[in-house]
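Input sequences plus hints: build the corresponding full structure.
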Amino acid sequence: MMTTTSSSGTAASVTIDTGEILTPNSSAKRRNIFAGIGEPVALIGALVVLIAIFSALNPRFATLTNLQNVLNQASLPIIIGVGATLVILIGSIDLSVEGVMAASGVAFVLMSANSRGGQDMGIAAFIVPVVLGTVLGALNGLIYTLLKVPSFIVTLGMWFIGFGIATILYGTDAYPELTDDNLTNWAAKINLGLPNVFWLAAALVVVSALVIRFTRFGRAALAIGNNEDIARANGMPVRKHKVTIFIIAGALSGVAGILATMQMGGTSNHIGEGYLFLTLPAVVIGGTSLAGGKGGVLRTFLGVILLTVLNNGLVLAGVSPNYQSALSGAILVVAIVAAAWSQRGRLRIAK
Amino acid sequence: MSLGTKAKRFGAVAALATAAALALSGCTSTAGGTTAAQPLKKEDLVFVCSVINTTNPYFAANIEGCQTLGKKLGIPVEVVDSNGSSQTEISKIQAILAKGKKAVVFVNTVASSDAPTIVNAVKAAGGFVTIWWNKPDNLDPAKVGNNFVAFQKHSGIDSGKCTTEALSKAIGEKGGIIALPGVQDSTTSATRVAGLKEALATQFPNVKLLDVRPSNWDPQLAYKNSKDLIAKYGDQIKGVWTADDGMQIGAMQAFKEAGLLNKVKFVSDGLYPPTVDAMKAHEGNDAIVGETFHRGYMASAIGLYTAYLAAIGKIDPSKLPHEKRDSMFKISCVTPGNLDEYLKWDNNVAGWVDTLIEKGPWDTEPVPLVAGGPEVIKPEYK
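Sequence order for the protein chains is A and B. Everything in the first sequence is counted per our numbering, starting at 1 for the first residue and increasing by one. Everything in the second sequence is counted per our numbering, starting at 1001 for the first residue and increasing by one.
Treat the hints with care, as some may be off.
[Stated by the list, open to error] Below, a sample of chain B positions facing chain A; criterion: calculated Cβ distance under 10 Å:
hint, residue
1, 1083
2, 1227
3, 1252
4, 1256
[Unchecked claim] Just a sample of chain A residues kept apart from chain B, beta carbon distances all over 10 Å, derived:
hint, residue
5, 48
6, 63
7, 73
8, 135
9, 142
10, 193
11, 194
12, 227
13, 238
14, 244
15, 264
16, 271
17, 290
18, 315
Calculated directly from the structure, the hints in this document are not laboratory data. Glycine included, C-beta positions come from ideal geometry on N, C-alpha and C.
This is the structure:
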């Protein structure tokens, strides 16, 4: 079409072009109203279907106890997922999660009252590990932006640095356990019907959702992920925003390391294991684009809940562990295809 | 005794006879590799101590055993931290072999499939190796030659029976229990589960195995699985069986959060320091009712010492009976009642290593050699 009009003459092409631009534009506008909602609605639909099936298979599935259980298990991936989503929104990736968790977890237990003895440092036991996460996150961001190393590589390296710090801190003494039961019980303790750790995770999700939606920083993150060059051309401090986001992600991994340690009542440098590959799929399942610029933390919240319900439901339904892995993979693929159906024409990555 | 074992015995006797005949005809250097002919000198040796990671209490104890033996014998020790990776394990061992000293190697293999590569590398470098816990069934030390001195382990089936008996008795021989095995394809875990199932089938018909959820030796996965199983079965669960103490930590945490720790009994394998602490403190109304006793430092010291004896020519592996090349060492059942009897060993590792040097690798209490491998799981308990 374009070639025909442009070859037919300048004057004519102007009018025809306008028409061509206007028509799809108005329909795109109409679609846009639903574009943001379609996917989450489909995801919620998939979740509802799963819940219905699992409830039918085992009446204990849909009980308050199990809801508390699922939300307790989902909380740490949600907290890590908030950071991961921000990073992915700017088109980067943070693989350092497990290493940062290990470093902060070990630092936390050794600074708290624990079975190895040593001094209880009180509030500093919480602050130092988070600062440690922040520093590792800042290093991620600075190396990535200043030295222009892909975030994939920088954060992969930081994973091992974090793990190394944890190993050095841990030393060769016995497994350190927290001796204060108040710390150990805090995460799972029920308040207003739900576990403490879930309230914390939910608060983080709400705050970050508001930040992304209503602040200049949040919009800048989306703009950077969408098209970094345009964002920069518009005078946005791209580097500053990117570093800030990596700092937030690092700090949240630090918080997760502390919480995981509290949950286990002690820690080793393996405390973060498994969290990265639970969280990243959850972010993507939620619908945040790996190419950046599209998505959000509420979607990640849904993604984590979907994955947690799936694993919990399969155990409660009594599916043999031999089949659980394959079956949960198959259900996931179906759920994602269903959830992303409305978006399939505009998926930015189909590699 | 099965036909297979008989056949193996016969094979071993035949091999011995052949070796003796060859020795008589002066062909030892080809039949027995380098050992019998030219024992290595102590000052040329280095001990290599390869573990899966350095923070798990069991592996940390492996290192302690290697170092204590190294100190006693005056031989330097190189520790290999595999960081859970077969690749790391193999490349680090190869790097040490390349340094030139003759290596006497103890390996707690990351995966069974690592064993052939490691054995071949050590053999090519003229070193001596003992593998602990994991190897493929068809990799027979006797067939590889003197450089693969021995494969050693504790019986998983005995461990499973031991803990299951303690658990069943503690819950009055009736009611539901759940089991959390380790990584699903791990032989160690599979044999322990087989012991569990055999004990239930033959001795405790009224104890019901409600659910089996592999938890990958991971305390956090054990925690999650326990939470899900509590949601599923509630107070039907009277007992919890885990394949190691790491997972027991996670499981106990989940039951504690559910307010059930005082009502449920736990058993596991390993008697790790946190478990000892919990038992001593009578945590959860004596929640832990059964454990097994075998020690990381004992395993590594026995393994290294066996390889060392071969290296300096004190033993000729080709002349050893089958059970001393493919060995199972004793495992003891620990209850809150006899716990103290076993803790005395941990307070005197150096003293235990002295006894080992005095009595040899196969006759040292509390872990003497009890049987030959490989350990076979009956199909009905798989």
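Right, here's what the structure says about each hint:
1. 1083: Holds: closest Cβ of chain A sits about 8 Å from residue 1083 of chain B, inside 10 Å.
2. 1227: Interface hint status for residue 1227 of chain B: holds (5 Å vs cutoff 10 Å).
3. 1252: Holds, about 9 Å.
4. 1256: This interface hint holds because 8 Å falls under the 10 Å limit.
5. 48: Given a closest Cβ separation of 20 Å, the condition holds.
6. 63: Residue 63 of chain A is in fact no farther than 10 Å from some Cβ atom of chain B, at 7 Å.
7. 73: Residue 73 of chain A is in fact no farther than 10 Å from some Cβ atom of chain B, at 6 Å.
8. 135: holds, 23 Å
9. 142: Non-interface label stands for residue 142 of chain A: nearest chain B Cβ at 27 Å, farther than 10 Å.
10. 193: holds, 15 Å
11. 194: It holds; residue 194 of chain A is separated from chain B by about 14 Å at its closest Cβ, greater than 10 Å.
12. 227: holds, 40 Å
13. 238: holds, 37 Å
14. 244: At about 30 Å from chain B, residue 244 of chain A clears the 10 Å cut-off, so the statement holds.
15. 264: violated, 6 Å
16. 271: violated, 8 Å
17. 290: About 27 Å separates residue 290 of chain A from the closest Cβ of chain B, which puts it past 10 Å; holds.
18. 315: Check fails; 4 Å does not lie beyond 10 Å.
In terms of the numbered hints stated before, the structure departs from hints 6, 7, 15, 16 and 18, listed from lowest to highest.
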